[in-house]
Structures are given as structure tokens and as C-alpha cells.
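Add chain B to chain A, keeping to what the hints say.
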Amino acid sequence: MTPADYDFIRKVLKERSGYVLLPDKQYLIDSRLNPLARELGCASLMELVQKMRAPGATALLDRVTETMTINESFFFRDKIPFDRFKDTILPAVMEARANTRRLRIWCSACSTGQEPYSLAMILRSMKEKLAGWNIEILATDISRDVLERAKAGIYTQFEVQRGLPIQMLMQFFEQVGEQWRISEEIRRMVQFRHLNLIDRFSLLGTFDVVFCRNVLIYFDHATKTDVLERIAQQLAPEGYLVLGAAETVVGLSESFKPHMDKRGVYVRTGGVSPKPALAAVSPLPAAAAKAVV
Amino acid sequence: MKRCLVIDDSSVIRKVARRILEGFGFTIVEAADGRQALDACVKEMPDAILLDWNMPVMDGYEFLRALRAMPHGDKPKVVFCTTENDLAHIARAMHAGADEYIMKPFDKEIVEAKFQEVGLI
Numbered sequence: 001m002t003p004a005d006y007d008f009i010r011k012v013l014k015e016r017s018g019y020v021l022l023p024d025k026q027y028l029i030d031s032r033l034n035p036l037a038r039e040l041g042c043a044s045l046m047e048l049v050q051k052m053r054a055p056g057a058t059a060l061l062d063r064v065t066e067t068m069t070i071n072e073s074f075f076f077r078d079k080i081p082f083d084r085f086k087d088t089i090l091p092a093v094m095e096a097r098a099n100t101r102r103l104r105i106w107c108s109a110c111s112t113g114q115e116p117y118s119l120a121m122i123l124r125s126m127k128e129k130l131a132g133w134n135i136e137i138l139a140t141d142i143s144r145d146v147l148e149r150a151k152a153g154i155y156t157q158f159e160v161q162r163g164l165p166i167q168m169l170m171q172f173f174e175q176v177g178e179q180w181r182i183s184e185e186i187r188r189m190v191q192f193r194h195l196n197l198i199d200r201f202s203l204l205g206t207f208d209v210v211f212c213r214n215v216l217i218y219f220d221h222a223t224k225t226d227v228l229e230r231i232a233q234q235l236a237p238e239g240y241l242v243l244g245a246a247e248t249v250v251g252l253s254e255s256f257k258p259h260m261d262k263r264g265v266y267v268r269t270g271g272v273s274p275k276p277a278l279a280a281v282s283p284l285p286a287a288a289a290k291a292v293v
Numbered sequence: 001m002k003r004c005l006v007i008d009d010s011s012v013i014r015k016v017a018r019r020i021l022e023g024f025g026f027t028i029v030e031a032a033d034g035r036q037a038l039d040a041c042v043k044e045m046p047d048a049i050l051l052d053w054n055m056p057v058m059d060g061y062e063f064l065r066a067l068r069a070m071p072h073g074d075k076p077k078v079v080f081c082t083t084e085n086d087l088a089h090i091a092r093a094m095h096a097g098a099d100e101y102i103m104k105p106f107d108k109e110i111v112e113a114k115f116q117e118v119g120l121i
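So the sequence lines, in the order shown, correspond to chains A and B.
Each residue of the first sequence is one higher than the one before, starting from 1 at the first, in the numbering used here.
Each residue of the second sequence is one higher than the one before, starting from 1 at the first, in the numbering used here.
Since the hints were made in silico from the structure, they are not lab data.
A portion of the hints provided could be inaccurate.
Stated by the list, open to error - List of simulated lysine-lysine pairs, DSBU-like, C-alpha gap at most 30 angstroms: (1) K77/B / K108/B; (2) K75/B / K79/A; (3) K108/B / K79/A; (4) K108/B / K151/A; (5) K262/A / K108/B; (6) K77/B / K86/A; (7) K77/B / K127/A; (8) K75/B / K43/B; (9) K79/A / K104/B; (10) K79/A / K127/A; (11) K108/B / K2/B; (12) K25/A / K11/A; (13) K127/A / K86/A; (14) K151/A / K104/B; (15) K104/B / K43/B; (16) K86/A / K108/B; (17) K75/B / K86/A; (18) K15/B / K104/B; (19) K14/A / K25/A; (20) K25/A / K79/A; (21) K79/A / K2/B.
The shape of chain A in the complex, shown without the other chains (with noise of 0.2 angstroms):
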């Protein structure tokens, strides 16, 4: 491929995602997009960049995308954070929705559906104490075929021994082959549903916990700060936003602040509207509000 190739995908890439794909990492485009090449019958990379600058490429164009951003998730990725949402925010949470005893997650960038699982089997592992509670997990991503993927709930073996505690797999998996798939009931505590994070939000309506970890490291400056902001619109008041360990709001938005001693958990501050919630205007099927844990 040529430079200016090289430069389209790029273009490309952050015009319809907001990633920002530096140049030192030219060999994603080869190794993520060569895979894709032989899969549409195209001889070369060169020519799948022929398909995409022919006019009315969109779809062919949005597949590019979708498989340029896809990253890879395990279960409970990083502990930390799933500590945190059990011991600190949950707690918080649960206390400030004591009266409508209702709770909205929303994971944005889920990925093949390990952290919004991750969150169910927590939630399904205290039962007891959220006993009436109504507990939504929104999970959305660019990507559909990752979506697919989460949606089925089934994981390499691989998979299953990144980050999950083994009581976990006896608890909440079961075996299919070579495969192990996450049980129906923690499968139903989760809705996915195909966003791109540079769309708006507006429809998803209230959260108290969003999840967005490891996506802004991909963005620039502009597109964290419009991400943020419109995810603050999207979050309750003392609602949380966890990062990745890599990401922050300082500098970006004033619409958070750090939690006090938790490190990539940060509380909304009062200076934005939360939209209308969810009940109002949102165009998610019945089933995904009522999912009680």
C-alpha cells in the first residue's frame, strides 16, 4: 500500500469512529485488515482500499471500522475497577436509589461482553442484598460482530482463565464442547445493543455507573472531551464514570471529578442536566428495564 492508503484508513477510521490510529502503528491496518481482504475476495490490501474509495462503499467502509477497533477484553480485566464497583460505588449507589430501588449500568465499549458479564455475575453473586431491585446492563459497542459474539456468552477455554475466578466457572458457565458459555440467567441480566461512541446518547437515557474503559486512549483531545460531556449528560446525579487506568479526566472535562481516593472512578459534578430518563424516550425492547437480578 501507499502512504496516501495508509492516510485514507486513517482518515477514514477517525471520521467514522473517532480513532485516532497513530502512524507507528501502520501494522494494525496489515494485520487487521488482511484477515478482512481475503474474506472479500480482494487479491491485496491495495485493492480492498479501491473498494473502499469507490462511491457507495459505506457498508464496506463501516466493516473496516468495526474490524480496526476491536480490542481485545478478558473477564474482570484489571480487578481493580470490579472491586471498586462492588465496595465502593454499588454501596453508594444503592443508597442514593434507596427510594426507587432502581439501578442503570451502561458498559460503552463492551467489546465480546466480558466486562458487562463480569458486572452480572457481582450483581448475581449478592442477590440477597439487591433482593427487589430493578438492575439494567446496558452493553453497546461499535462492532457487530463482537456484539454477536457477546451476545452468545460462549468463550475459548482460553477465555474463561483470563481473570475469572475458577468458582466463578463452576458457578455461571457451562461446558459446550471445548467451549464453556455463561449461563442463561447472567446471559439475561445484560442487553447489548450496537453503538459508535462519536453518535449520540441522548436516546439511552439515564445511567448511574458508566463503564469506559481503554476507548479514549483511542480518541483525540476533541473527541474525549465531546465523549465525556455527553456522557456526563447521560449520568444521574452521584452518578460514576470508571476509566481505564490509563485514562482520566483531567484536563478534558469539568463535568467529573475524581473520586476522592479511588483511582479511575470519578463522580459527576453538578454542573451539567442528566437527560430524560429511560422510561421517557428510549427505543430499547420492554424486557431490557425490567431485567431483575
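Positioned in the frame of chain A, the structure of chain B alone reads:
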């Protein structure tokens, strides 16, 4: 420095495990079956044990039951590491006192995750 007893009848597996665990700062003791491993534990109880299931002389399950019945045998964290990759074996191992379970094949990331899970790293 924490000591880890690596029990496997395959010298290749022991070598791979040694390399991984030494990278996490463990001192390694090796045993090729459950009987040799019990002798090693009598001599000095390790902090951690990476345990194969199918071995000659004494298998991993028998070893684990014998270990947990020994004085101070509750001390080591035991991580099974075996090709017995089904829920029935996992449940049996956990019931006998295993702390974690690795299904072979394994790599450094899996060993790290499992050892972290039981607080060894």
C-alpha cells in the same frame, strides 16, 4: 522469597512452569509425582503448589488429600494444572481443597491470573 513446588511427571511442563514462576519471583522445587511431592512437603512446606492430576505412583488428587491432612498442610495455596478440563474434575479438586484450577494448555498470562487470584502474586 516464596517457594513454589511444581508437581508434574512431564519434565517439559516442569521446565516451562519453572521459567514462568521464577519470572514472578518464586524459588522452585520440583517433583515428578505425588509421593515425591509429599516428601518435599515434609522437608519444607512450600507457599504455593502447581499440581498436575495424572501422574504415576500417586496422582494429584491423592496428593492433595494427603497434603491437606498433614500438619501445616493447609498452608500452601494449591493451583491444579491439568488436562482434566471438565466441571466434574474441577468440582472434585475444589472440594478436596484446591484453591484454583488451570486447564492445560496454559501460558504465562493464565498462570499469572490464577496466582494473583489466590494472592500469591
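Here is what the structure says about each hint:
1. Between K77/B and K108/B the CA atoms are separated by roughly 18 angstroms; this keeps the pair inside 30 angstroms, and the hint holds.
2. Taking the CA atoms of K75/B and K79/A, the gap is near 25 angstroms; set against the 30 angstroms cutoff, the hint holds.
3. Between K108/B and K79/A the CA atoms are separated by roughly 17 angstroms; this keeps the pair inside 30 angstroms, and the hint holds.
4. Distance hint between K108/B and K151/A is fulfilled; the C-alpha atoms sit about 29 angstroms from each other, no more than 30 angstroms.
5. This hinted pair checks out: K262/A and K108/B have alpha carbons roughly 29 angstroms apart, not beyond 30 angstroms.
6. Of the supplied pair hints, the one linking K77/B and K86/A holds, its CA atoms being roughly 25 angstroms apart against a limit of 30 angstroms.
7. Under the criterion of a C-alpha separation no larger than 30 angstroms, the hint pairing K77/B with K127/A is consistent with the structure, at around 29 angstroms.
8. Using a Cα cut-off of 30 angstroms, the hinted pair K75/B and K43/B holds, with the two alpha carbons roughly 14 angstroms apart.
9. Annotation: proposed proximity of K79/A to K104/B holds, straight-line Cα distance about 23 angstroms (limit 30 angstroms).
10. Pair hint K79/A plus K127/A holds up; C-alpha atoms about 21 angstroms apart against a cutoff of 30 angstroms.
11. Only pairs whose Cα atoms come within 30 angstroms are accepted, and K108/B paired with K2/B is accepted, the gap being roughly 18 angstroms.
12. This hinted pair checks out: K25/A and K11/A have alpha carbons roughly 14 angstroms apart, not beyond 30 angstroms.
13. For the given pair, K127/A sits about 13 angstroms from K86/A by alpha-carbon distance, which is consistent with the 30 angstroms threshold.
14. Among the hinted pairs, K151/A with K104/B is consistent with the structure: their alpha-carbon atoms are about 27 angstroms apart, no more than 30 angstroms.
15. A hinted pair counts as satisfied when its Cα atoms are at most 30 angstroms apart, and K104/B with K43/B qualifies at roughly 29 angstroms.
16. At most 30 angstroms may separate the alpha-carbon atoms for a hinted pair to count; K86/A and K108/B meet this at roughly 28 angstroms.
17. For a cut-off of 30 angstroms, the pair hint linking K75/B to K86/A stands: about 28 angstroms separates their Cα positions.
18. Taking the CA atoms of K15/B and K104/B, the gap is near 15 angstroms; set against the 30 angstroms cutoff, the hint holds.
19. Straight-line distance between C-alpha atoms of K14/A and K25/A comes to about 14 angstroms, which keeps the hinted pair within the 30 angstroms bound.
20. Restraint check for K25/A and K79/A: satisfied, since their Cα atoms lie roughly 28 angstroms apart, inside the 30 angstroms limit.
21. Between the alpha carbons of K79/A and K2/B the distance comes to roughly 23 angstroms, so the proposed pair stays at or under 30 angstroms and holds.
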